[in-house]
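Colleague: We have chain R; now place chain C with the ligands onto it with these hints.
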Amino acid sequence: MPTIRFEGQDYFCSSDETVLESLERHGVMLPSSCKSGTCQTCLTRALKGQPPSAAQKGLKDTLAAQNYFLACICKPEEDLEIGLASVSPKYSARLIKKDLMNESIVRLRIEVPEDFSYQAGQFINLIRPSDELTRSYSLASISSDSFLELHIKRVPEGRMSTWLFDTVEEGDELSFFGPSGDCFYLPDNPERTLLLVGAGTGLAPLHGILRDALEQGHKGPIHLFHASLAAPGLYLIDELREIAVQFSQFKYTPCVLHGDAPEGGKQGNIVDIPGQVLGSFNGFRVYLCGDPQIVNALRQKAFMAGTSMQDIHSDPFVFAPA
Amino acid sequence: MSSVYEQLGGEAAINAAVDVFYRKVLGDKYVVRFFEGVDMDKQAAKQRAFLTMVTGGPNSYTGKDMREGHRHLIKMGLDDSHFDHILCHLRSTLAELGVAQDLIDTVISVAESTRDDVLDR
Ligand SMILES: Cc1cc2nc3c(=O)[nH]c(=O)nc-3n(C[C@H](O)[C@H](O)[C@H](O)COP(=O)(O)OP(=O)(O)OC[C@H]3O[C@@H](n4cnc5c(N)ncnc54)[C@H](O)[C@@H]3O)c2cc1C
Ligand code: HEM
Ligand code: FES
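Same order as they appear, the protein sequences are chains R and C.
For the first sequence, the numbering used here begins at 12 and goes up steadily by one.
For the second sequence, the numbering used here begins at -14 and goes up steadily by one.
Next comes chain R alone, as it looks inside the complex (with noise of 0.2 Å):
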């Protein structure tokens, strides 16, 4: 009979229960809709032991890789341990780098502390010691890399991001938890071409996905459309091209709203760039990240333009209210 273990208490479960009946029975409710496991309301994530594939069943592959499941129609085959989100060791490590990518755009790079792993485009949630505020920064290194690099944009009157670029130091230590977040590279099928879009900061987990993918062998086109409102907010181009030189499946397209775009770049929208150079998205792999506003109409334009809604992988960068 497996045990399944939630906020700390074991609970049994007996050979024909789901989780969500054996939690049920016990007086725990978990959030449930269909309880057939369509309507993924019930989104469960096992910290220890592996869920039957059989309770996966139409959750995307993302997070299929971290454990997560459907309560409804798991019949747990071993001792689980599950949580609704995932609690995670604080870490702490010595910023050894910082430097200016523009003048509102600084890169921090980070230690990295030992057991600490991740998949190239997932977030950390930084701390300040001070206050303990707390703030959520994409990865944009790759884990063979000897450190973990952060892109972090100025924002006005911003608690977080004014301290880390006016206070913070080489050789300080920081603090943070993770990782999380369902927006990574998976080398399912090498030959598939994959589409990466962001605005400013969100270049850092595509920046991480896109080195990912080239070290993991990947073959198909990847496509990386990174834009800014001018010329001047766009950053780490020289790299780009330089990779676009080494791999010729990629291709680095820069775009601006306002201005002359550098050479190769685009002048427009970045919700419709992409979709005028590449016309139909049928079978691609989608990455958006940055700017919330950008990232959901993307999400709807790539949708539409025949990417499967499992196949778009998304972070938009929601901001903590004033």
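It is possible that some hints are incorrect.
Claimed, not checked - Calculated pairs, DSSO-like style, for lysine-lysine (alpha carbon to alpha carbon, straight line, at most 30 Å):
id, chain 1, residue 1, chain 2, residue 2
1, R, 68, C, 60
2, R, 101, R, 71
3, C, 60, C, 27
4, R, 109, R, 164
5, C, 49, R, 312
6, R, 164, R, 312
7, R, 46, R, 68
8, R, 312, C, 14
9, C, 9, R, 46
10, R, 86, C, 49
11, R, 59, C, 49
12, R, 68, C, 49
13, C, 49, R, 46
14, C, 60, R, 46
15, C, 27, R, 46
16, R, 108, R, 164
17, R, 262, R, 109
18, R, 71, C, 14
19, C, 27, R, 312
20, R, 59, R, 101
21, R, 312, R, 277
22, R, 71, C, 27
23, R, 312, R, 262
24, R, 68, R, 230
25, C, 27, C, 9
26, R, 230, R, 71
27, R, 71, R, 262
28, R, 86, C, 27
29, R, 71, C, 9
30, C, 14, C, 49
31, C, 14, R, 59
32, R, 312, C, 9
33, R, 71, R, 59
Because the hints were derived from the structure by calculation, they are not lab data.
Please read all numbers here as calculations on a predicted model, not as lab measurements.
Modeller: Just chain C with the ligands now, kept in the frame of chain R:
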């Protein structure tokens, strides 16, 4: 007799139908406002629940669930005309996927049978 859901090919067929159906709904200016939730993933999962239900696949929805699940939409003005649009998208989705006419008719009649519950009458 096996359900339409099984005759269509079960879960795989529904997964194929979800994208086609949801694309039609989002492309229909007359009904799209009911579906403009923040989270497209959750909304797509609900479309899958809808398709599983009307094809007779595994579900445990009751008439009461349908009343409660759509009541907030009635407040937004949901009526027969929107219901008819959805039936139309359902029909053309199944036709596009090559489903036989008699199966389509069965699905539509199941969907039709929920009309009073969905519209809370
Ligand atoms: C999953 C995720 C990943 C993220 N990754 C990154 C990343 O890689 N790089 C990065 O720079 N940021 C990223 N962010 C955003 C980041 O977490 C913070 O929201 C941002 O740095 C602002 O925090 P702050 O404390 O400086 O501002 P706050 O003190 O929280 O905000 C100050 C004021 O500015 C407003 N505001 C905040 N952000 C914006 C904005 N973008 N545009 C307009 N107004 C704003 C607030 O509403 C408030 O009124 C990510 C967010 C999420 C959810
Ligand atoms: C044809 C008959 C219909 C059936 C059988 C049906 C069935 C369903 C089901 C099973 C769900 C998922 C409920 C859940 O698990 O949360 C749902 C949700 C929903 N339905 Fe319907 N539906 C029908 C008609 C309509 C119509 C006509 C509209 C609007 C034009 C509509 C709009 C919605 C919306 C917006 C949701 C999501 C609500 C939410 O976000 O919670 N439905 N429907
Ligand atoms: S309750 Fe609907 S998928 Fe589990």
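Colleague: So which of those numbered hints doesn't the model satisfy?
Modeller: Hints 1, 5, 11 and 31 are the ones this structure does not satisfy, whereas the remaining hints hold.
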